[in-house]
Each structure stands twice: as C-alpha cells, then as structure tokens.
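Starting from the structure of chain A, add chain B where the hints point.
There are 2 protein chains.
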Amino acid sequence: MDMQTLFYLVPASGLVALAYAAVTTGWIGKQDAGNDRMKKIGEQIFRGAMAFLAAEYKVLTVFVLLVAGLLSYMYTTIPGGSWMVGVAFLAGALCSGLAGYFGMRVATRANVRTAAAARTGLAPALTVAFRGGAVMGMCVVGLALLGFGVLFNLLIGDMDLFGLLGSGKMMEAQIGLNQVISIMAGFSMGASSIALFARVGGGIYTKAADVGADLVGKVEAGIPEDHFLNPATIADNVGDNVGDVAGMGADLFESYIGSILGAMILGAVASQGWMGAVAIPLLIAAAGVVISVLMTYVVRTKEGGNPQVALDIGAFGAAALMLPISYFIIDFAVNEAGGTIALGVGSNVLNVGTVDLMVAMVSGLVAGVAIGIITGYYCSKGKRPVNSIVDQSKTGPATNIIAGIGIGFESTALPIVLIAIAIFAADAYAGLYGVALAALGMLSTTGIQLAVDAYGPISDNAGGIAEMSGLPPQVRERTDNLDAVGNTTAAIGKGFAIASAALAALSLFAAYRGLALQGQDLILTEPKVLIGLLLGGMLPFLFSAMAMRAVGDAAMDMITEVRRQFRDIPVLREALTIVAKAEEEERALTAEEDAQVIAAGEKTEVERCVAISTQASIRRMIQPGLLAMICPVVVGFWSAEALGGLLAGTLVSGVMLAIFMSNAGGAWDNAKKQVEDQKKDLGEGNSGKGSERHKAAVIGDTVGDPFKDTAGPSLNILIKLMTIVAVVIAPLLAAGN
Amino acid sequence: MDMQTLFYLVPASGLVALAYAAVTTGWIGKQDAGNDRMKKIGEQIFRGAMAFLAAEYKVLTVFVLLVAGLLSYMYTTIPGGSWMVGVAFLAGALCSGLAGYFGMRVATRANVRTAAAARTGLAPALTVAFRGGAVMGMCVVGLALLGFGVLFNLLIGDMDLFGLLGSGKMMEAQIGLNQVISIMAGFSMGASSIALFARVGGGIYTKAADVGADLVGKVEAGIPEDHFLNPATIADNVGDNVGDVAGMGADLFESYIGSILGAMILGAVASQGWMGAVAIPLLIAAAGVVISVLMTYVVRTKEGGNPQVALDIGAFGAAALMLPISYFIIDFAVNEAGGTIALGVGSNVLNVGTVDLMVAMVSGLVAGVAIGIITGYYCSKGKRPVNSIVDQSKTGPATNIIAGIGIGFESTALPIVLIAIAIFAADAYAGLYGVALAALGMLSTTGIQLAVDAYGPISDNAGGIAEMSGLPPQVRERTDNLDAVGNTTAAIGKGFAIASAALAALSLFAAYRGLALQGQDLILTEPKVLIGLLLGGMLPFLFSAMAMRAVGDAAMDMITEVRRQFRDIPVLREALTIVAKAEEEERALTAEEDAQVIAAGEKTEVERCVAISTQASIRRMIQPGLLAMICPVVVGFWSAEALGGLLAGTLVSGVMLAIFMSNAGGAWDNAKKQVEDQKKDLGEGNSGKGSERHKAAVIGDTVGDPFKDTAGPSLNILIKLMTIVAVVIAPLLAAGN
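Just so you know, the sequences run in chain order A and B. At position 709 of the first sequence (counting the first as 1) the number is 813 in the working numbering, and the numbers step up by one without a gap. At position 502 of the second sequence (counting the first as 1) the number is 606 in the working numbering, and the numbers step up by one without a gap.
Everything labelled a hint here was simulated from the structure, so no lab data went into it. Where hints are given, some of them may not hold.
Since the list gives no way to pick out one identical chain from another, each pair is judged satisfied if it fits inside one copy or across any two copies.
[What the hints assert, rightly or not] Distance condition first, Cα-Cα at most 20 Å in a straight line; then the derived DMTMM-like pairs of lysine to aspartate or glutamate:
id, residue 1, residue 2
1, K487, D657
2, K498, D657
3, K322, E796
4, K799, E324
5, K498, D661
6, K793, E690
7, K498, E324
8, K799, E688
9, K777, E581
10, K322, E687
11, K793, D495
12, K322, E780
Extracted from the complex, chain A is given alone in its bound form:
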C-alpha cells in the first residue's frame, strides 16, 4: 500500500468511530428510561443541557465567524498565505462543537437509563453508563480524525504533494507542506478556542449550581443533597453534563488534535520534509481509534463482578495493544525511508531508527502513567496527603485550608520531575520530534480513555436522578459504586491530560520558534524574551482569578434565586419544613407527607435556576477566553521574541497551577469523604459526619470545587490555546518582520 492511500485511512477510521457512536446511540435510546418521575427529571436535565449548548453556541458562532474572517483576510495579505486557514479554523470549531453536542445529547439520555438499569443490577447499569461515555469518546475522536483527515487529504491532493515529491521537486514540496501545516494549525486553533470556552463556561456553570444548591438547600434549609424540592438541583445535574462531559470532551478533542499536529510539524521540520514523519502520528491516531472501538466491547461485568476490572481491561488493554501496533507503523514508515532518518540540520543531526522513535513515544506513556499514579496518591483516602488534611481539620477550617494548599503545592514536584525525565529521554532518542511523539503516545487511545472519563459523571448523575425520584437506596448504592470505581482510571486520565498538555505545548512552542523566527534563536537573556516570560507567567494567575471570581458571583446569583423561591412559594416553604423536620428526627416521611412534598416539588421553578447558571456562565466565560486569545496576538505583533517568552512563561506557571489546583481540590474532596467515613466515637469525639472536623472538611471541599472543576482543568487548555494561536499567527509575524 503506498503512503497516499494510507492517508485515506485517517478519515476512514474517524468514520468507524462515528458509526460505532451512531449504533450505540440508537441502542441507548431503546433502553428503559424508568418511571414517569424519572423521565420527567431526565427530560429537565436534557433540556437544560441543550439550552446551555444553544446559548453557548450562539455566542461562539459570532466569535468563530469573526475570527475565521479575520484569519482568512490576514493570510491573504502575506505571500503564499492561504484564505483556507480561516476555513480550517471554522471546520475545527465546527467538529469540536458537534462532538460536544452529540456527546452531551447521549450522555443526558444515558444517565436516566443508567438509573433505570441500576434498579435491576450493577452489570446492566455499568453497560449503559459506559456505552454513554463511549459515544462521547467516539464522537470526539471520530469527528477529530474525520475533519482533520479530510482536510489534510484535500490539501495534499490539491497541492499535488506526492507528485512534487515523486518528481524530486523537494523545494516546492517543502513549501507546500509548510502551507498544509499552517492550515491544519487553523483547524487545531478552531478546536482549541471552542475547548477553552466550553471548559470555562461549563466549569462556571457546574460549580455555581453546585455551590448554590448546597449552601441554601443543605446548609440553610436542612434538606438532603440532590433533593427535588431544591430548584437548583436540576441545574446542578445539568452542570455535571455541561462541565464534566461536554467540557472534558472539547478539552480532549483539542489535546488530541494538538498533539497530532505538533508531531506533524516537528517531524516535517526536523526531517526536512520526509512524509513518513507526518504519516506516523496520523496513522497511530487512526489505529488508536479502531483499537478503542474494539476494546469498548470488552468492558462488561457479571452481576457481583468488579466493575473496576472491566474498566481497567478496556483502558489499559487498549494502551497495551497500541504498543506493537505503533511499532509496526513506525517501522513501516522508517523502512520506507531506508531504515534510518536524519533529524535536524548541520552539526545537530540525529540519525534515528524505529527503536529510537518507539523509546521516545513510550517515555511519554510511562511518564503519563506514573503521573497518574502520583495524582492518585495525592488525592486518595488513607494515603499520607489526605490523612494529613484530615488530621489538620481537627483544629478547624484554617488549618484544613493551609494543609490542603500545602499538599497541592507539594504535589507539583514529582509530576514535573517525571515530565522533565520524559523530555530528556524523548529528546535524547529522537530530538523534539521525539517529545511530540511522547505526547502522542499518551493520547492515542483517547477514544476509550474518554469513554471511561465520561462514564463517571453519567453514573454520578444517575445517582442524583435515583435520589430525586425517590428510588430505593440500593439503586443509589449501585450508582455510587459505579461512580467510585472510575476514580483510578480517571486519575490516570488526569495525569495524561497534564503531561500531554505540557509536552504538546512544548512541541508546538518549538514549532512556533521555527515558523516565526525562521532560523533566529530565542535567547533567554534577551530583555524582550524576559518581559514575555514574566507576562506569560502571570497570565495563568489572572486567568484563574477571573474564573474563580465568575464562580463566586454566579453562585451568589443562584443563592439569591433559591432563597427567593423558598421564601415566596408557600407550598414549597411548607414542604421544606416537613422534610427538614423528618431529617432532624431521622425518620422517613409518612405517606401523606410524601404526597404533599411531591406535589410541592411540582411547583419549584427549576427553569429559572437553569437560566441563571446558563446566563452567568456564558457571560463570564468571555473575559478569560478573550484574554487567552488576545494576549499572544498583541504581544506577538509587538515582538515575536517576546511572544516566545510569553508562551514559555505561561507553560511554566500554567502547568504548576493546574497540578496544584486539581490535586488540592481532589485531596480536599477525599479528606471530606474520609471524615464522613469515620466513626463518631473515634478519638476525642471530633470525628465523623456532623463533627467540627467534618464542618472544617466541608469548607475545604467547597474551596476545592472551583479549583479542580473550573480553573484547574481550564489551564491545560489555556496553555495550548495560546501556543496554537502563536503557531497560527507565526507566518504573519515572520512576514511582518
């Protein structure tokens, strides 16, 4: 098979994933959606999620069209520039947006069906939840490879790249390849912008609703969490889908495309236009998709079986299978070129073979898994970090917070050392192209990885629906069980996300230097570079401040609205008193009370809470999003060197803050859960649910919420979005010099 034909496999594998998604969506639709009450709740969550997406996409359409027009216009002003960059940007944004839409559509259908299935047992519930997540995963990788692949094949066909290479016109081929890469960077930038807005908007939505619902419902009114009398509960559930499913999907879409692109660019540059360097990342991605689809069928468990084992076999199995397949692909490409490839120029040439490239790729994989294990250590119950927070909670919230921040700070150390080792190893064996392959190695099985990630919030949501519709307690137990087992795999996923973001940003950063400064070096002691470095280091802090303030303000709006409903709707007020009293007396409601409370639940104005979260998150996602888009452009047009510094600065402090915030948040969360697990009579009596220690731990958990679900995960995207913006504007900067 020649290489040109092989490239068609890329969009074809995307179609395979989409076909899987379509079939599975149909299957999920046919599952039982439970009783009327469940159906109604499910419908409310579905409509809330769709309302958010509609509002978000309305704003983003305007934004995307403007940027696309601007890019096309600017590119036509430079020699050899193509207006296709704007079109590619549009296509990237569209594919990412569609992936979010389809994924969330099915996730909000799957949650209520998971709850329904959990009435009969654990095994059917696992299948529904996992397949719901798998649709999300396959939509993401399918649309990514379809869009990216079709665009790529069109471009190389249009420019007759293979013809040029065949007739030995290396110079023309090189120019053509550079142009293809610029346009593909536009696609990646489109996906990244959507990702940033989706992550920030979703993060604000979910935490505003969560904090608002908890503070008024649980703390002030004294009713249980997720109770249907609380009008913010539906918004909270919508938020889980919006933030954890759609936000994460867009995030990984962006990482996936970004790491493929980074490897393509660096490969093309380092090897002076060898097509194999471009083919390797694309073919590995295509193979990863097919493997992911196949492995979804392995994830199933028997009744009484351990769902953890099922998920592990799926995710780790896929990663393990990818090793021989990657070897085969790399070896094929390298042998086409005669067995060794010269990477680099002049005295810095590195002659690499199949094994060198494999080592580079595996070093990323190993670092990603190790970081995941460390992430798990810092956030798990019973381990030293969480234990120390539990200890320090004894003397109140202040010591709990100090301990959590300390743990979060400390948790940056080992992951950074591991990333450093991975860079060192990948670079030693295959230069910067190796670093890019290391990032790709972690993301080749994104399809199934994302399925496992999205399965968590679906199970969590199913639990909420079970609670709200008053299903028997064992249903909730089953969904909790499902939710809990996803944690380890999710921690590994987090490790992959952070490590791959750092490595992908590094490779795109090197690509930027090549494109914008054309041969000139980026010298760290130059004042302009240092200015960029300092400004770039500051941006993640400012960005996080904006995201956190948005959560605070939006939560305040939500609190005011829930308080208003509790005060102004008389039947609701009465029902609240009944439920709170029963809670206090630790008894179940009588049949009569139950009927009254259910009737009152009909009167809650759920839509208003949904509207508040939607509006607040859409409005407040704009400022941080624009910060990320505009800063590199402004700094870059002042000085391309300063922009280089800016990217490095953002990378450094962004990675640290991202690790700090997500690990501190995770540790606080599990410290609270660990306190809740304690027996009340333990030690000095300051333990367990309801104790002073528990109150302190709850405060830590609340502080951690915007850390781990809003600001933290958005920072990964910030780093990469700024870098890809720089790569896209690099030819404009180079032309302007």
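Chain B alone, transformed into the frame defined by chain A:
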C-alpha cells in the same frame, strides 16, 4: 578626587551608619523601661529573641564553615581561581549575622521603652520606636557597605587594578576585575544564605507562636489576645522580633548587596572593564547611606501631630534627595570617561550618557513606587479587593477563602506589567546594566526604608507589652495608632522588595550567563533549558509547601504545650476561668480577682513555649534552605544551560507566588479588621465582631498568616539566593566544560 580615593568612601559611609547606630543604641538604653512588670516582660522577650539567635547561629556556623571550606577548595582547583571566595562567603555571612544580632538586640530593648514612652504621649513613643527601627536599618546598610567596601578595596589594591589600568594593561585588568567580582559574589552568597535561613526560621517561629497562642488562648480558653496568662504570648512577641525585624533585616541586607553586585558585574562586562560602571553603584549606595542617616533626624512629630507625615517625609524625602545626588555621581563618572560610554559588543553597542543611565535608574524607582501603591490598593480597607472579601465572607469561610485566593491571583497582574515596563525602559536606555541600575535605584535608601519597616513591629510589640502589663487603654491606642500609620510606607517597601528582587535576579541571571556559558547563548527552545525551566518553576511551590507544613506542625506542638499548661497548672486553670468569665460578662476584674490572676501569671512556663518555637523553627528551616542551595548546584553540574533555565523558571513562578501570597495574606488581614469595624446592627445582622461573617474572616486571616509572613517573603530570597549560588559556581562550571 581620583576614583581610587572615592572607593574608600564606601566603607567610610558604612562607618557613618554604624556610628549612628552605636550612638542611638546608647540613647535608647537610657530611656525609661517602665514599671517592674513591663521590665520583666521586656526581659523575657529579649532573652527569648537572644535564645533563638544563639540556636540559629549555632547551626548556621557549622553550615557556613562547611560551605566556605568547600568553596575555597573548589576554587583552588580551577585556573585563576582564588580561595578568597570562601573567605568572602564567610565575611558576608558574618556581616549579615552581626546586623541581625545588633538590630534585634536594640529592637527588643526599644519595644518596652516605646510602651513606656506611650504612657506620656504619641510623640515620644514615635521617637523611640522609629529610632529602634533606625538602628536596625543602619546596622544593615552599615555592615553591608563596611564589609563589602573593605573587601573590595583590599582586592583591587592587592591586584593593583588601577596600576594595570594606568599602564594600559587592559587584558590583565579585565581578568583581575573578573576575579574581584567572583570574590564579591561569594560575599553576596554568604549574606543570602543567612537571609534565607533567617527569613524561613523567623517566619516559622512567629507564625507557630501566633497561631498556637490564638487558637488555645482566644478560641478555646476565651481569654483576650496577648493576655499574660497565655504562656505562648511571649513566644508570639519574640516571634515578631525574630521574623519581622531580624528576618526582614537579613532579607534587605541580601537585596542590597545583591543589587549593588548585579550592577557592578553587568557594568564591568558591558563596558569591557570601565571602572566607572563599578563605581556608580558603589557610590550611589554610599551616598544613600549618608542621606538615610541625615533624614532620620527629620522624623519627629508634635503631640497631636500626624506620625504618618513624619514617616513619609523621612522615607520619600530621602528618595527625592537621592535623585540629584545620583545624577551628580553618574555625571561625574561618565564625564571621567569622556561623556559617553559604549555598552555591549559587536552590532549591539549602545552609546549611553548620563541621562540614559538616570532614566534607567528612575524607571526602577517609578515602578517600585507604583507597585507599592497597587500593593496598598489590594490590601487596604475600603477598597474594592478587600470589600469583595468582606462581602463574600457573608456566606462563610469557603467563599471568604475563594475570594481571597482570587484577589491574590489577580493582584499579580499589574505589578508584573509594571516590572515589564521598567525592564523595557531600562533596557532601551542602558541595556542590562540599566536593568541592574533600576534595581539599585529602589534600594539606595534601604537604610531609612528599613527603619520605617522595623518601626512597625516595634510599635506592635509595644502594644502587646502594654496589654500584658495591664497599662491603661489609651497606651494601647497610641501604639496601635503608631503601628497603623506605618502601613502605607510598609506597602511601598513591599513593592520595592518584590520589584527589586525581580530586577536584581534578572541582572544576576544575565551575569551568570556571561560567566558560565562564556559567549554561548541560552536558547529557550533547547530541551535542557526547557527541563531547567520546568524544574525551576516547580521549586517555589515545593519550597512554599515545606514552609507552610513547618508552620502547621510547629503550631500543633505549641497548641499541645499550651493545652498542657492550662490543664496541669491548677492556679493557672482557676485564673483562666476568672478571666474568661469576666470577659463573657463584659466587666473588669475586681481588685481581689486581679491579684489572683497576676499571681497565677507568675506560674506560666513561658520558657517552654519559647523553646518549642525555637527548636521547631531551627529544625524546620534546614530542609527548605538546603533545597535552595543544593538544587542549582546539582542541576548546574549536570548542565550549565539547564541551570540557566532553572533560574528563569524559579524567577517566574517565584515572583508570582510571592506577590500572590503576600497580597492575599494582607487582604485577608484587613478584611478581618474591616469586619471588626462594622457596626453589629448593619444590614442583615451578619456583621461586626462575633458574627458568623467575622468568624469566616478570622479563618481567612489565619490562612493568610503563613502566606504573608512565612512563605511569601522567603520566596524573594529564594529567587536571589539561587541566582547568586549560580553566579558563584559559574566559573567552576565554565572550567568543567
């Protein structure tokens, strides 16, 4: 006057400052130390502070001797290396240690005398407190210039630098000058190491005692703050001296020497050995010391006058006077060399005159003042940031913490932009030498600046002594008044500290590149540089985690000890009940109760608390201190380029964390005070002392304590210490290549 003679002015000006310090120390000793109870408390604080210093210096002596020996040995192994580097290191450490010793000795004498003077009025109390601070300030700059100046004059005499220059042996002179600079860097490193240990140790000491005293005394036993029944109160007061006086003194000693050295090195390198470039920073520093001494006599107020005005005239007046004097010095040096100086080599030569150098220097001064104003804005009552924390405290500690962290993050933005502008301006007018002069501009009046800074904790301590010895309330009011007015000037001082640290580190960083890589550039996209950048960015997080954990652990030890005394000393237990009951009933003690309580106060085992803080802080300062010393050495011997990246990474994330932590801490502190100022009947009744909002604000303040007093200020030193270590080992690395 020829230049050689002028250089003798440097140690001479140091002697002037020390003479002032000696005379003023005598004057303070003659002031009234109050009644017997005050004298006893004063004595306890004095002895506690001296015990800490003794313990600290014992450990540091071993450490300093080891490092000095190692440096001397290593330097003799390279061609042209001098064992004097180790001796200079020893001298730097000794001078810094002596400054801390004398400064703290007099500060702990001045505090009780300030309390005594406050019995008669505000004006005499101001004079005592300010002069106490001035002794500290003059000891620091005096010993710095004396040590640095004597060493420098000895070295240039020994090498006959002026003879070489006179006979046109430029090459030999250049080599000699480089050697002088290496040795002076050793002096600076000695001062920096002492500074880091003093800051970290002092920071741990003060916060462990503070948190421990408050939690058991105020929260658990219900007695007022600073009550003499609380055995940790003396330790708390000792801590204020150890942390805020001695720690800050060592910190500024280090900044001061570092910025002079940075300017000397860059000047010598950029101008290819022009002695004027070395003379300018030294002479400006010498002039600044004399101006500082003179301006201390201006700081006085009439009874009923505004002490703020007196302090402002002193500090700002000195800075204003320095402008024409600096112009004169620069103009003299530039004219000696013919009116313009060529800085740089090859195509990058910049011809600069007097005005260019002045602009560079002033740009630093302007940025420092502006950053101070912004710092003031973020930490002041009634301004938007603190108001927002007060608002968010309404819904509890979690929202208070989220708001404070958000404000702290946000507060990094403007200072960084200002530092960037200062670098840009200084570089445009006078290259990297200009950047070094910008740092120096801020620190030329360190003498009086430090007097104002140290005056704050002396007044604060005087208030504590007044409280503990049962002086009438108006005495406490006066000392509070004194303490409060120092805040604005202290904020400016903080601005100077951060901005000058960043600029000085930048110039030393450039100096490192010149020394270690000798002509080779530090290329940002090189994998080794990137690895260094990431590791360096992580170090401030790890360092802060260590410092914060040390505070937490030491506070726990203190809490356990205070609880033990409250439980096991029967008369103390009874007295506590009496005081707490009176507090609750909001009445004064009867004469009989008072006598019983005072008798019980005699039984507290103050020394044990002092010993706990001392031991904990000495033990726990070692780990973060070694981290800062060892990392650059290990990374540097692996790769000199990676060490360059490491320094840049530490600079970027260190500056951000330092600004974040000190501003968040300051904002939380004043948010608490603002809540305390509120009337109880304001709004929804959730305001003022004792309200839920107040409890939330107190928690924020406690979280902020280790931020602003332990980790935050230590980070400034961390950044510079790592850079100076790199400069000192640079010739070793270059020789090893």
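**Item:** Structure versus earlier hints, numbers of those that do not hold, lowest first
**Value:** When the structure is compared with the hints, none of them turns out to be violated.
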